[in-house]
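Asks: Given the coordinates of chain B, work out where chain L should sit on it, guided by the hints.
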Amino acid sequence: MTVLAQQLLLGLLIGGLYGLAAAGLSLVFGVMRVLNVAHGELIMLGGYGAFWLATLLGVDPFASLALVIPGALLLGAALYWSLFGFVVRAPEETRVKNSLLIGFGLALALHALAVRLWTADERSIPTSYAGAVLTLGDVSIPLVRLATLAVALVLIGALQLLLSRWRWGKAIRATAEDWQAALLTGIDVRRAYLLAFALGTALAGAAGALVTVAYSVSPSIGLEWTLKALIVVVLAGLGSMFGTFVGGLVLGVAEAASAATFGGPYREIVGLVIFVIVLVVRPRGLFGR
Amino acid sequence: MLEIRGLEAGYGDVRALSGVTLSIAAGEIVALLGPNGAGKSTLLNCVAGLVTPWTGSIHWDGEDLLALDAHLVVERGVALVPEGRRLFGGMSVQDNLELGAFAPRTWAARRAGLERVYALFPVLAERRRATVQALSGGQQQMVAVGRALMASPRLLMLDEPSLGLAPRLVAAILEVLVAINRAGVAVFLVEQNVPAALSLAHRGYVLEGGRIVGEGTGAALMADAHVRRAYLGPLAVRRP
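Taken in order, these protein sequences are the chains called B and L. For the first sequence, the tail end lands on 289 under my numbering, and the numbers increase by one without skipping. For the second sequence, the tail end lands on 529 under my numbering, and the numbers increase by one without skipping.
If we strip away everything but chain B, and leave its shape as in the complex, we get (with noise of 0.2 Å):
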């Protein structure tokens, strides 16, 4: 009993991360109608990110989101100008086509510049506080990871707040519904564009550190986020953020109770399942509109 409560409770901390890894792809795909297949890539590299800021300059890898999540806001912005912001003005059949093709050889890109400037390894940043443990009755909760659950529920919560006060914010929403009437409003949806994908860019950015701090990365990590962030999207829906982290935190725990009822194999079968049953069931996921 005692190892299965630590288990469920192992799985939450990490759906956290898988939430905050879905609110940006389900923020650009939402927004521009476009899946950014890159998505697991972009965390690699905010993880990369933090692990250069914490080896080379010794910045604490919590305090490092501070830089990782501006330098991914910017390296998003560079990513929608050079590439993603000519397929946005297709049609929306060239537009599913060729954001894949594109999105598919950026992760190809991406994924061989990382094993060039840091090895195919295994990194993860050591902290002096890595073994810190509460323990709660016969369950001990790791202090690292309960930090990343708690500083990406704070995120989401920044980005909720960012999308219904901030003026853009809410011409990125409107965009999102009906990008026709956005135009007539008078928004620049091409900037709308920009801004959702910086944005999807640099909470992959900070997902990625938040991961590389808990777990760890490598250059191979990329496609396996992308499939739990696109689970995610497809079980919460769109059009939620908060909805999104919960659903994150849904596949965290499922994953754990297969692997716990099933055995470890289990673990990645579980959100493929949780897939085409949504999909059959509910198809605009638990909490879209």
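Heads up, some of the hints might be wrong.
[Claimed, not checked] According to the in silico footprint, chain L covers these stretches of chain B (three or more CB under 8 Å from chain L):
(1) 173-181
(2) 186-194
[Stated by the list, open to error] Using 25 Å as the maximum straight-line C-alpha spacing, the simulated SDA-like pairs for lysine to any residue come out as follows:
(3) B/97 with B/242
(4) B/97 with B/81
(5) B/97 with B/275
(6) B/97 with B/280
(7) B/97 with L/339
(8) B/97 with B/112
(9) B/97 with B/116
(10) B/97 with L/302
(11) B/97 with L/300
(12) B/97 with L/324
(13) B/97 with B/279
(14) B/97 with L/467
(15) B/97 with B/190
(16) B/97 with B/85
(17) B/97 with B/284
[Said to hold, decoys possible] For each label pair, taking beta carbons as the anchor points, the in silico distance ranges come out as:
(18) B/127 with L/393: 44 to 52 Å
(19) B/2 with L/396: 53 to 61 Å
(20) L/412 with B/129: 52 to 60 Å
(21) L/509 with B/92: 43 to 51 Å
(22) L/372 with B/139: 52 to 60 Å
(23) B/63 with L/404: 43 to 51 Å
(24) B/160 with L/355: 34 to 42 Å
(25) L/397 with B/115: 45 to 53 Å
(26) L/372 with B/284: 19 to 27 Å
(27) L/301 with B/282: 32 to 40 Å
(28) L/397 with B/224: 46 to 54 Å
(29) L/404 with B/282: 40 to 48 Å
(30) B/282 with L/302: 34 to 42 Å
Note that these hints are calculated values from the structure, not bench results. All C-beta atoms, glycine included, are put in the ideal place defined by N, C-alpha and C.
Replies: Frame of chain B, contents of chain L only:
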């Protein structure tokens, strides 16, 4: 003020407008009549910048509107209430209205804009926090008109604002249009309810098969035999 010359437009290979020429002067109410598929919406969408015409020109106060991105057309004072309203359904009434004032010129004055719209449609003030999806069709149409007014337009274009509304609400919406016009805003109205449209319009155009086939004052069009036969029904045709 608005000058459209030789406008041709379509979708793919399908032609929707062939050589449309018309003009709207400051302060006018102009009705655009025509059957379904005549190209009325295409014409409005060309002016608003949502559809790029094949050839022809659209000038607004001497400026070439076709050279502008759609979001800048609103900023110049030309607003469209699109067919089917196209509101942001998941957002509140107030958010929808505020977004109507998104252009920098109007954003700073959005509070005053809101007051004006709430004065015009008091029921929206009561429901300002409600999600647009939760409103009735008539209230949604008020939000659509209000959102366009938030841009402080000098030309307000409306694509079938009465579609699907009860007659009482249609009359209310049209009354508001007259009030808006009295405040100096030109109105370009596509409307299924031809007698109502012509009774308040100064002038009108008849668009059929993508061509302008008739134009005149509201009263002249009301008396026109072709208009009466095509749009007012057999009972309206005067017997010899």
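Asks: Work down the list of hints and note, for each, if the structure agrees.
Replies: Do the hints match the structure? See the list:
no., hint, result
1, 173-181, "holds (count 6)"
2, 186-194, "holds (count 4)"
3, B/97 with B/242, "30 Å, violated"
4, B/97 with B/81, "19 Å, holds"
5, B/97 with B/275, "22 Å, holds"
6, B/97 with B/280, "24 Å, holds"
7, B/97 with L/339, "24 Å, holds"
8, B/97 with B/112, "23 Å, holds"
9, B/97 with B/116, "29 Å, violated"
10, B/97 with L/302, "23 Å, holds"
11, B/97 with L/300, "22 Å, holds"
12, B/97 with L/324, "38 Å, violated"
13, B/97 with B/279, "21 Å, holds"
14, B/97 with L/467, "48 Å, violated"
15, B/97 with B/190, "19 Å, holds"
16, B/97 with B/85, "14 Å, holds"
17, B/97 with B/284, "22 Å, holds"
18, B/127 with L/393: 44 to 52 Å, "46 Å, holds"
19, B/2 with L/396: 53 to 61 Å, "57 Å, holds"
20, L/412 with B/129: 52 to 60 Å, "58 Å, holds"
21, L/509 with B/92: 43 to 51 Å, "45 Å, holds"
22, L/372 with B/139: 52 to 60 Å, "59 Å, holds"
23, B/63 with L/404: 43 to 51 Å, "46 Å, holds"
24, B/160 with L/355: 34 to 42 Å, "39 Å, holds"
25, L/397 with B/115: 45 to 53 Å, "51 Å, holds"
26, L/372 with B/284: 19 to 27 Å, "25 Å, holds"
27, L/301 with B/282: 32 to 40 Å, "36 Å, holds"
28, L/397 with B/224: 46 to 54 Å, "48 Å, holds"
29, L/404 with B/282: 40 to 48 Å, "42 Å, holds"
30, B/282 with L/302: 34 to 42 Å, "40 Å, holds"
The structure shown violates the earlier hints numbered 3, 9, 12 and 14.
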